[in-house]
Amino acid sequence: MADADNAAAGTGQGETGRQRALRLAAVAVLLGTFAAVNVLIFQKEGGHSLRAGGELVWKPLGATVTWEGIGIVVAAGLTLALYSFLYADNAFFKAAEHLYVGVGLGYSLVLAWFQYIKAELYVPLVKYWVRESWLGEQVPGRPDWKLIVPMILGLFLLARFVRRLEWMSRWAFAFIIGLGAGMSIPLFIDAQVLRQVEQTIAAVRFDALLVALNTLVLLVGVISVLIYFYFSIEHRGAVGLVSKIGIWFLMISFGASFGYTVMGRMALLVGRVQWLIQDWLRIPIQG
Amino acid sequence: MHWLLRIDRRLIYALVAIAIGLPTLWRFRLPIAPSPPVEGVHSAIEALEPGQVLLASLDFDPASAPELEPMSRAVLRHAFRKRLRVIAMTHWPQGVGLANQIVEQTVREFDEITVAFERFASRQQAEQRRAALAGQPLAEALGGPAAVGAAGTAVIRAGAGSVRSRSGAEPPAWSPALLQALGQAEPGSSALVEDPERGWYLLAVRERTPSLRYGEDYVFLGQRAGLGILIVSMGQSMHAAFPADAAGRPTREMPVFRGVETLGDVDYLICLAAGNSGEAWVAYGAERYKFPMGIGCTAVIAPDLYPYWQAGQITGIVGGVKGAWEYEHLIGIPAQATEMVPAQTVAHMVVIALIAICNLGYFLSRRRGGAR
Chain W
1 MADADNAAAG TGQGETGRQR ALRLAAVAVL LGTFAAVNVL IFQKEGGHSL
51 RAGGELVWKP LGATVTWEGI GIVVAAGLTL ALYSFLYADN AFFKAAEHLY
101 VGVGLGYSLV LAWFQYIKAE LYVPLVKYWV RESWLGEQVP GRPDWKLIVP
151 MILGLFLLAR FVRRLEWMSR WAFAFIIGLG AGMSIPLFID AQVLRQVEQT
201 IAAVRFDALL VALNTLVLLV GVISVLIYFY FSIEHRGAVG LVSKIGIWFL
251 MISFGASFGY TVMGRMALLV GRVQWLIQDW LRIPIQG
Chain C
1 MHWLLRIDRR LIYALVAIAI GLPTLWRFRL PIAPSPPVEG VHSAIEALEP
51 GQVLLASLDF DPASAPELEP MSRAVLRHAF RKRLRVIAMT HWPQGVGLAN
101 QIVEQTVREF DEITVAFERF ASRQQAEQRR AALAGQPLAE ALGGPAAVGA
151 AGTAVIRAGA GSVRSRSGAE PPAWSPALLQ ALGQAEPGSS ALVEDPERGW
201 YLLAVRERTP SLRYGEDYVF LGQRAGLGIL IVSMGQSMHA AFPADAAGRP
251 TREMPVFRGV ETLGDVDYLI CLAAGNSGEA WVAYGAERYK FPMGIGCTAV
301 IAPDLYPYWQ AGQITGIVGG VKGAWEYEHL IGIPAQATEM VPAQTVAHMV
351 VIALIAICNL GYFLSRRRGG AR
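Line by line, the protein sequences give chains W and C.
First residue of the first sequence? That's 1 in the numbering used here, and the numbers climb one at a time after it.
First residue of the second sequence? That's 1 in the numbering used here, and the numbers climb one at a time after it.
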């Protein structure tokens, strides 16, 4: 039902003329309020120009507008547009969402070029070919020839897009998986299995009440959860009981994980609300 | 009782928004008892001697910044206050700019900042004085021969929360918010500040003198691809893995790398991670090259890291904003996380109340043969 409402609100399907007029009026009021709030903030002493280094753009209506201030207004507008989805799907949310996807993709491409392709391949190897062979320039330094191998393997990955050459990508994948597995498996077995099993066994200490309790909980938890995941015998009788204890441990663990997840998501929301109140609206904080 | 199961979700959003908004506007203090995992990271860094090397891997992007930025700043403040050498880097390509900004801004907080001020009995008097000085450089005019209020100067290091020297009248109480603002303020910036006990202060930043030097006290290496392979490469040679820093300056000539050839020469590593790089640092780095490390992480990841802490593979965990709040308390510099925790606590209480109410509605409906 809520989804249907959202869809209808977003597309405006099935609207009467009066509803459409009301919707447009609501949009105009929201935009007007946002504009008015920003004008007031810019006019307020200090406004968005607290940093002396802020570059002055222009001074309309007694306000001091800086690039930093404009950035804050744009960020606030986009934040509110994205949060507007909580009420219902709407055009502002869609615009902000599409902008986010587009900017994100563009940013990733630029990063991929500057962080990886240019820094790791073009500068140490390819630029010598381009500038010496094609442009006839003399470039100081020597090309790093060993980069030819990863470059070719990287090009092989792109062969997946050509049906006849698809087989070439398997060489690159074989290299990546082989190297990755060879490096990771021994190290992760050591770090995530052996060291932790060793400490679980070594942790049987009864020198203090809390330590002893912790040891017992750890021991019962590990054994009962292992038995819950042991499917070669039927979970009946004593095995069924231990298996049920295992389920309780798992549920408590999921609950703890979910609690931490709520905490994390709330922190992101708190961070954003604080930013809106302090950095955008510049409301003084009490206490 | 069916209505309890059909609460409009928008009402819930509104309640959460109010629960976060009000404590943000009217803050209150909460009792705090740092947890052992956070103390584990703090005491490991506290045990280091000045000049020892802390490697900070800031592996997050702006999406996780509200959780990880406060703890990153707190750990860096702790390190710089102890005069450790800090080598910072990131595994996240989207996090390069953010990580660099956090390091540079924290370094700026340790500048020696000369603040000139005049004290007034009321806000009105302070504003009149500011109006009278309009058009003049406030930083020079304040406390000058024509001072109206009780005048003075103070040299502070905002990041360390300390006053190096002062002269003239009693300065305002250096609240965390004021120190935070002064830490980033440019020379010439001014502010009107209320001290509940002493009155109103008109203050201006006269000058800043850097106390930490790039390449000597700290360095930002930027990012290179590879994660596990990069860590192994750093374990073999730091300079082969990072021949240059983020700005392209050769690392081999930097004094901050004195005595640091491989990861094994690092005295402590703190990984502040939104993803799985903490586990990668343990598996590829700490276990293989034998250096102590701790992890700061988003709350979502924290439960997965407890086995590492219990097994003694890491000295501690700083989990989410709560962990950052505890860390800020331990170093005695309340900052961003301390500001966030009241709002987060009230929001948690609202969520708990809603869960309880909805479950009550569910069980009551079921007892009456209603919705299942």
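Derived from the structure by calculation, the hints contain no laboratory data.
Model, not experiment: these values are computed from the prediction.
Incorrect hints may appear among the rest.
[Unchecked claim] Here chain W is said to cover these stretches of chain C; the calculated rule only asks that three of the stretch's residues, wherever they fall, bring their Cβ under 8 angstroms from a Cβ of chain W:
1. 88–97
2. 101–107
3. 115–126
4. 230–243
[Said to hold, decoys possible] Cβ pair distances, simulated, as ranges:
5. W/Asn-214 <-> C/Arg-164: 45 to 53 angstroms
6. W/Val-103 <-> C/His-348: 42 to 50 angstroms
7. C/Arg-10 <-> W/Ile-148: 33 to 41 angstroms
8. C/Arg-10 <-> W/Val-29: 36 to 44 angstroms
9. W/Val-103 <-> C/Leu-5: 54 to 62 angstroms
[As the list claims (entries may be wrong)] Footprint (simulated), chain C over chain W, 3 or more residues, beta carbon under 8 angstroms:
10. 21–35
11. 155–164
12. 235–242
13. 252–258
Every residue gets a Cβ at the ideal spot worked out from N, C-alpha and C, and that includes glycine.
The hints, checked one at a time:
1. 88–97: This one holds; 3 residues, not fewer than the three required, reach chain W with a Cβ under 8 angstroms.
2. 101–107: Since 0 is below three, the answer is violated.
3. 115–126: It is violated: at least three residues are needed, and the region 115–126 of chain C offers just 0 whose Cβ sits closer than 8 angstroms to chain W.
4. 230–243: Answer violated; 1 residues pass the 8 angstroms Cβ test.
5. W/Asn-214 <-> C/Arg-164: 45 to 53 angstroms: This hint holds: roughly 46 angstroms between Cβ atoms.
6. W/Val-103 <-> C/His-348: 42 to 50 angstroms: violated, 33 angstroms
7. C/Arg-10 <-> W/Ile-148: 33 to 41 angstroms: violated, 59 angstroms
8. C/Arg-10 <-> W/Val-29: 36 to 44 angstroms: violated, 19 angstroms
9. W/Val-103 <-> C/Leu-5: 54 to 62 angstroms: 40 angstroms Cβ-Cβ, so the 54 to 62 angstroms window is violated.
10. 21–35: Coverage by chain C is violated here, the residue count being 0 at a Cβ distance below 8 angstroms.
11. 155–164: The restraint on the region 155–164 of chain W is violated, since only 0 of its residues have a Cβ under 8 angstroms from chain C and three are required.
12. 235–242: Coverage by chain C is violated here, the residue count being 0 at a Cβ distance below 8 angstroms.
13. 252–258: holds (count 3)
Comparing the model with each earlier hint shows violations of hints 2, 3, 4, 6, 7, 8, 9, 10, 11, 12; every other hint is respected.
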